[in-house]
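Please model the complete structure; the sequences and the hints are all you need to start from.
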Amino acid sequence: MFNKLFNLCSSLRLTVACLVLGCVLVFWGTLAQVHLGLYKAQNEFFRSFFIFWQPVEGGMKIPVFPGGYFLGTVLLINLLAAHLRFYKPGKRKIGIMFIHLGVVLLLVGQMLTDALSRESALHLRIGQTQNYSEAQRDYELAITDTTDRKLEKVVTVPWTLLIQHVGWVGSDRPLAVSGLPFAFHTRTFYANSDLSEKPAAGFEQISNTSGLGNGFYWRELPRETAMDHVDTPSAIIEINNAGQASGAYLVSAWFNQPQRFSYNGRNYEMALRPTRYYMPFSVSLLEFHHDDYPGTDIPRNFSSRVRVQNPQNKEDREVLIYMNNPLRYSGLTFYQASYDPDDNGSILQVVRNPSWLTPYFSCLLVGVGLVVQFLQHLIPFLKRRLAS
Amino acid sequence: MKKWIPLILAAIMAVWAFSSLYQPAETGFHTREFGRLPLLQDGRFQPFDSVARNSLLQIRTKQTLETDSNATLSATIWLIGVMMSPEQADNQKIFRIDNGEVLDLLKLPEGPKYYSFNDLRPSLDEIQKQADRIDSVDDSKRTVFETQLMKLYDSLSLYQRLKLSLKPQDTDDFAAELNAFRNSIVPGLAAVEARSAGQKFDQNAFVTFISFMDKYQAVANYALPNIIPPSDASLPRDDWENIGTNLMQAPRTGEISQPAQYYAAMVSAWRGDNPADFNQAVAQYKVWLADRFAPQVCKARQEFIFSTIQPFYKAMVIYVLALVLALCSWVNMSDWLRRSAFYLIILAWVIHTFGLVFRMYLEGRPPVTNLYSSAIFIGWAAVILGLVLEKIFRDGIGCVVASFAGFVTQIIAHNLALSGDTMEMMRAVLDTNFWLATHVVTVTLGYSSTFVAGFLAIIYVLRGVFTKTLDEETAKSLGRMVYGIVCFATLFSFVGTVLGGIWADQSWGRFWGWDPKENGALLIVLWNAAILHARWGGFMRERGLMIMAVIGNIVTSWSWFGVNMLGIGLHSYGFTRAAFCWLLLFVASQVAIILIALAPQKLWRSFHQNTSGLTA
Numbered sequence: 001m002f003n004k005l006f007n008l009c010s011s012l013r014l015t016v017a018c019l020v021l022g023c024v025l026v027f028w029g030t031l032a033q034v035h036l037g038l039y040k041a042q043n044e045f046f047r048s049f050f051i052f053w054q055p056v057e058g059g060m061k062i063p064v065f066p067g068g069y070f071l072g073t074v075l076l077i078n079l080l081a082a083h084l085r086f087y088k089p090g091k092r093k094i095g096i097m098f099i100h101l102g103v104v105l106l107l108v109g110q111m112l113t114d115a116l117s118r119e120s121a122l123h124l125r126i127g128q129t130q131n132y133s134e135a136q137r138d139y140e141l142a143i144t145d146t147t148d149r150k151l152e153k154v155v156t157v158p159w160t161l162l163i164q165h166v167g168w169v170g171s172d173r174p175l176a177v178s179g180l181p182f183a184f185h186t187r188t189f190y191a192n193s194d195l196s197e198k199p200a201a202g203f204e205q206i207s208n209t210s211g212l213g214n215g216f217y218w219r220e221l222p223r224e225t226a227m228d229h230v231d232t233p234s235a236i237i238e239i240n241n242a243g244q245a246s247g248a249y250l251v252s253a254w255f256n257q258p259q260r261f262s263y264n265g266r267n268y269e270m271a272l273r274p275t276r277y278y279m280p281f282s283v284s285l286l287e288f289h290h291d292d293y294p295g296t297d298i299p300r301n302f303s304s305r306v307r308v309q310n311p312q313n314k315e316d317r318e319v320l321i322y323m324n325n326p327l328r329y330s331g332l333t334f335y336q337a338s339y340d341p342d343d344n345g346s347i348l349q350v351v352r353n354p355s356w357l358t359p360y361f362s363c364l365l366v367g368v369g370l371v372v373q374f375l376q377h378l379i380p381f382l383k384r385r386l387a388s
Numbered sequence: 001m002k003k004w005i006p007l008i009l010a011a012i013m014a015v016w017a018f019s020s021l022y023q024p025a026e027t028g029f030h031t032r033e034f035g036r037l038p039l040l041q042d043g044r045f046q047p048f049d050s051v052a053r054n055s056l057l058q059i060r061t062k063q064t065l066e067t068d069s070n071a072t073l074s075a076t077i078w079l080i081g082v083m084m085s086p087e088q089a090d091n092q093k094i095f096r097i098d099n100g101e102v103l104d105l106l107k108l109p110e111g112p113k114y115y116s117f118n119d120l121r122p123s124l125d126e127i128q129k130q131a132d133r134i135d136s137v138d139d140s141k142r143t144v145f146e147t148q149l150m151k152l153y154d155s156l157s158l159y160q161r162l163k164l165s166l167k168p169q170d171t172d173d174f175a176a177e178l179n180a181f182r183n184s185i186v187p188g189l190a191a192v193e194a195r196s197a198g199q200k201f202d203q204n205a206f207v208t209f210i211s212f213m214d215k216y217q218a219v220a221n222y223a224l225p226n227i228i229p230p231s232d233a234s235l236p237r238d239d240w241e242n243i244g245t246n247l248m249q250a251p252r253t254g255e256i257s258q259p260a261q262y263y264a265a266m267v268s269a270w271r272g273d274n275p276a277d278f279n280q281a282v283a284q285y286k287v288w289l290a291d292r293f294a295p296q297v298c299k300a301r302q303e304f305i306f307s308t309i310q311p312f313y314k315a316m317v318i319y320v321l322a323l324v325l326a327l328c329s330w331v332n333m334s335d336w337l338r339r340s341a342f343y344l345i346i347l348a349w350v351i352h353t354f355g356l357v358f359r360m361y362l363e364g365r366p367p368v369t370n371l372y373s374s375a376i377f378i379g380w381a382a383v384i385l386g387l388v389l390e391k392i393f394r395d396g397i398g399c400v401v402a403s404f405a406g407f408v409t410q411i412i413a414h415n416l417a418l419s420g421d422t423m424e425m426m427r428a429v430l431d432t433n434f435w436l437a438t439h440v441v442t443v444t445l446g447y448s449s450t451f452v453a454g455f456l457a458i459i460y461v462l463r464g465v466f467t468k469t470l471d472e473e474t475a476k477s478l479g480r481m482v483y484g485i486v487c488f489a490t491l492f493s494f495v496g497t498v499l500g501g502i503w504a505d506q507s508w509g510r511f512w513g514w515d516p517k518e519n520g521a522l523l524i525v526l527w528n529a530a531i532l533h534a535r536w537g538g539f540m541r542e543r544g545l546m547i548m549a550v551i552g553n554i555v556t557s558w559s560w561f562g563v564n565m566l567g568i569g570l571h572s573y574g575f576t577r578a579a580f581c582w583l584l585l586f587v588a589s590q591v592a593i594i595l596i597a598l599a600p601q602k603l604w605r606s607f608h609q610n611t612s613g614l615t616a
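Chains A and B, in that order, are what the protein sequence lines are.
Numbering of the first sequence is given in the numbering used here, commencing with residue 1 and proceeding in unit increments.
Numbering of the second sequence is given in the numbering used here, commencing with residue 1 and proceeding in unit increments.
For the record, the hints were derived by calculation from the structure and aren't laboratory data.
Hints are supplied without guarantee of correctness; some may be wrong.
[Stated by the list, open to error] One-sided excerpt, in silico: chain B residues whose CB lies under 8 Å from chain A: (1) LEU40; (2) GLN41; (3) ASN226; (4) LEU436; (5) TRP508; (6) PHE511; (7) LEU523; (8) VAL563; (9) MET565.
A virtual CB, placed ideally from N, CA and C, is assigned to each residue, including glycine.
Here's what the structure looks like:
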């Protein structure tokens with residue numbers, strides 16, 4: 001039984017099957033981007049174990065095709081098993097060894113990247129300094145105790161938790177978060193929403209809330225699936241202690257100021273904002289340049305001159321970040337990603353990816369391996385051919 | 001005698017190819033000299049000749065123009081006409097309209113293919129009306145009619161801007177007009193000042209001056225190329241201006257710039273049919289430029305020479321000739337035909353290489369910078385592969401592959417060039433010679449070799465099914481060729497794809513983003529790897545290998561063009577609609593070949609008697 005399984009796992013047939021299925025998957029997944037958008041198609045086809053088909057809206061999901069993770073894993077097992085079974089060390093196999101080692105490195109590296117990498121954005125106006133970057137798609141509810149202006153205490157709750165929390169409403173259990181003297185209810189949560197100050201078709205009036213936004217109109221929007229569109233969530237949060245409701249508030253990513261309220265004599269601010277990732281250093285934008293080629297609107301260059309200040313090691317220096325020339329600093333990489341329409345602000349993409357070097361080694365290994373392997377066959381063949 | 005035919009043929013074609021380098025001295029108007037003058041357009045320095053060729057190519061899909069008397073006009077002469085005597089140019093039949101619905105809309109008869117501006121003049125409002133509507137329709141959702149109408153609209157706007165690029169609309173004697181303009185400046189400015197101070201002013205001087213300024217403002221708004229260099233070469237190159245903007249500055253200095261005066265003199269001489277004055281103005285302007293803008297003059301001259309030689313067109317003609325000879329050599333198996341084809345391909349490849357290198361030098365870039373140059377480069381690499389195969393196997397197959405690839409890719413390139421300047425500037429993210437030289441070149445080599453393998457497979461199928469020429473030995477060597485080339489393709493496409501990922505990691509921080517173009521490249525890698533593993537596993541023999549290689553053609557064409565047509569992702573810059581039909585046609589043809597290859601072996605003429613040859 002084990003032998004049979006091992007033989008199947010290490011068979012060349014499985015390799016070919018995986019490669020051909022991979023071709024179909026890539027083709028299908030690319031076409032699907034037209035309707036689903038890059039982001040959703042990526043998650044459904046490539047970052048998944050199965051592609052599901054849902055015959056009825058809201059009904060059962062049936063797995064119909066292996067997804068990217070599945071094929072990648074099978075290919076990896078297949079490769080390792082085949083090496084265990086067939087390959088003996090020797091000069092003739094060295095090329096193959098290199099190639100396959102490179103492919104393994106690439107697959108593992110990409111799986112690690114998927115699991116460990118984090119992308120965020122650092123939006124700076126000229127002259128602004130910041131020590132955190134913001135997630136592009138994720139939000140958090142931040143509640144700040146501002147009673148003591150010198151020592152603000154912030155508690156954050158990821159929005160995914162809030163979305164789940166709405167589901168608990170039936171049981172009517174408020175969410176208690178350590179560090180806060182009160183609990184709260186998520187009364188409504190729209191993962192993507194639209195707000196309006198005037199009544200409009202499809203919009204519903206917000207009532208029974210305090211502070212900002214009472215009397216606003218809102219509506220739920222479908223979740224964004226395209227790469228360049230993001231959700232703008234809104235929610236109604238009700239402060240609650242021991243079953244006693246003490247005020248409900250609208251929080252929304254549309255607002256650029258927090259809700260303020262008091263509880264038991266302490267002052268709080270509450271906001272639904274993009275998730276923040278703090279850095280042990282700060283970045284200031286000194287200059288931003290955006291040039292077009294003369295007489296055209298073809299961009300020629302974008303560049304940001306920034307100042308990095310690290311209190312830990314007293315580092316303080318200026319760096320120029322431009323297209324194809326990122327700044328790598330303390331495990332993070334800063335790329336020139338976008339800019340404000342008035343050219344007075346710059347948006348840097350901040351990426352943390354511990355396995356970023358794997359493709360470099362993989363490319364080298366596979367490239368060398370392929371060259372060695374083919375030359376081993378080509379040279380004797382040419383010798384024979386030219387001799388005859 | 002037969003021994004010498006191949007060499008003689010190659011020598012004749014070589015002389016023909018480079019004959020355009022020799023040009024007799026110009027009599028009458030020195031239009032070629034005018035064509036060499038530098039200007040700044042689309043962010044780069046180029047000669048008038050290039051603006052003329054690219055515009056005419058866009059409007060008329062050809063680089064030359066036939067007059068009513070069947071004489072051929074160069075693009076530069078056409079452009080001079082448009083800019084200097086537009087009232088005559090309006091009668092030239094240059095707008096190519098093929099779409100019946102567009103012609104119906106314009107109430108024009110179908111048939112002549114080309115129409116003049118005067119033919120279109122009554123319908124300009126209608127065209128504008130339609131274009132305003134279509135403009136809001138997304139590119140990928142436009143109907144054929146809408147696309148064709150927008151094409152005509154773009155051609156018309158280009159033409160009308162060119163008409164205003166050198167002189168104001170109704171000006172006849174431009175040189176005299178500029179004199180009058182200069183004389184109007186001092187009294188005119190005084191009148192303007194007095195008027196705004198509420199004092200009495202010279203009404204005549206005011207009106208004269210203001211009407212000049214209005215005229216030049218219109219030119220400043222519409223003129224396309226920036227033809228007037230800054231007064232000082234040390235100023236940034238952005239300071240080249242169009243003639244309208246330049247004339248608008250005159251009141252500040254009280255003088256009209258030298259270049260504007262030279263151009264005005266050319267206009268007056270051209271309109272007065274006075275070649276001597278025209279030539280003198282061109283010559284004087286050249287002297288003026290030589291002292292100040294030598295590098296730009298040099299760049300323009302070089303590009304002029306490049307366009308005059310037309311290396312890619314010449315190479316294409318020779319490839320066609322070679323293809324015919326090589327195919328003939330299969331019919332009667334004669335070696336001198338095969339050798340003739342071989343020498344001609346080498347000649348064509350040398351010219352092809354010359355063009356490629358010249359282009360790289362002009363652009364200061366690696367060979368592949370856009371879809372157009374990728375076609376040129378894919379052809380170039382495929383020809384090398386074909387020549388190598390021919391050198392090894394000496395059976396004419398390599399010659400057919402090389403000449404066919406060379407010819408077809410030039411045709412593709414020619415059609416891609418119709419959309420405008422092929423040496424456009426690179427957007428910021430692409431502006432890196434290192435990655436263009438490594439990632440783009442390797443990936444393109446991957447395309448090239450996958451196509452060669454696929455084409456060899458087509459030869460196998462067609463010769464096997466329809467002729468008796470595919471003997472066992474030929475079949476075996478084709479098998480080896482395809483296998484070897486697929487190995488090659490795997491190497492290049494894998495390394496190229498991963499290098500692309502690394503570039504992406506360097507530019508925006510992610511190695512892989514499942515962008516359509518990335519997926520296209522990955523597809524080629526996966527498919528080639530599948531072919532190799534299937535062969536090593538013995539899951540298929542010769543015929544299976546051939547069928548998989550033909551599928552490789554579909555995969556590669558999709559990756560090269562198809563993904564650009566999805567209109568999403570970071571690589572969607574090369575969208576071309578007409579290409580979509582061709583792509584479908586190509587895919588259909590490949591499917592047909594696969595179906596033919598699947599025919600039972602008794603239908604294969606080559607294996608009719610010899611059943612041992614076919615194994616699947």
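Here is how each hint holds up against the structure:
Because the closest C-beta pair between LEU40 of chain B and chain A is about 6 Å apart, less than 8 Å, the hint holds. Hint status for GLN41 of chain B: holds, given a least beta-carbon distance of 6 Å to chain A, under 8 Å. Among the interface hints, the one on ASN226 of chain B holds; its C-beta lies about 6 Å from the nearest C-beta in chain A, closer than the 8 Å criterion. Among the interface hints, the one on LEU436 of chain B is violated; its C-beta lies about 11 Å from the nearest C-beta in chain A, farther than the 8 Å criterion.
Checking TRP508 of chain B against chain A: minimum C-beta separation of about 5 Å stays under 8 Å; hint holds. Interface restraint check for PHE511 of chain B: the shortest CB-CB distance to chain A comes to about 5 Å, inside 8 Å, so the restraint holds. For the restraint placing LEU523 of chain B at the interface with chain A, the shortest Cβ-Cβ distance is roughly 5 Å, inside the 8 Å limit, so the hint holds. Interface restraint check: VAL563 of chain B against chain A, minimum CB-CB distance 7 Å, threshold 8 Å, status holds.
With 8 Å as the threshold, the beta carbon of MET565 of chain B stays out of range of chain A, its nearest partner Cβ sitting at about 10 Å, so the hint is violated.
Checked against the numbered hints given earlier, this structure breaks hints 4, 9; the rest are met.
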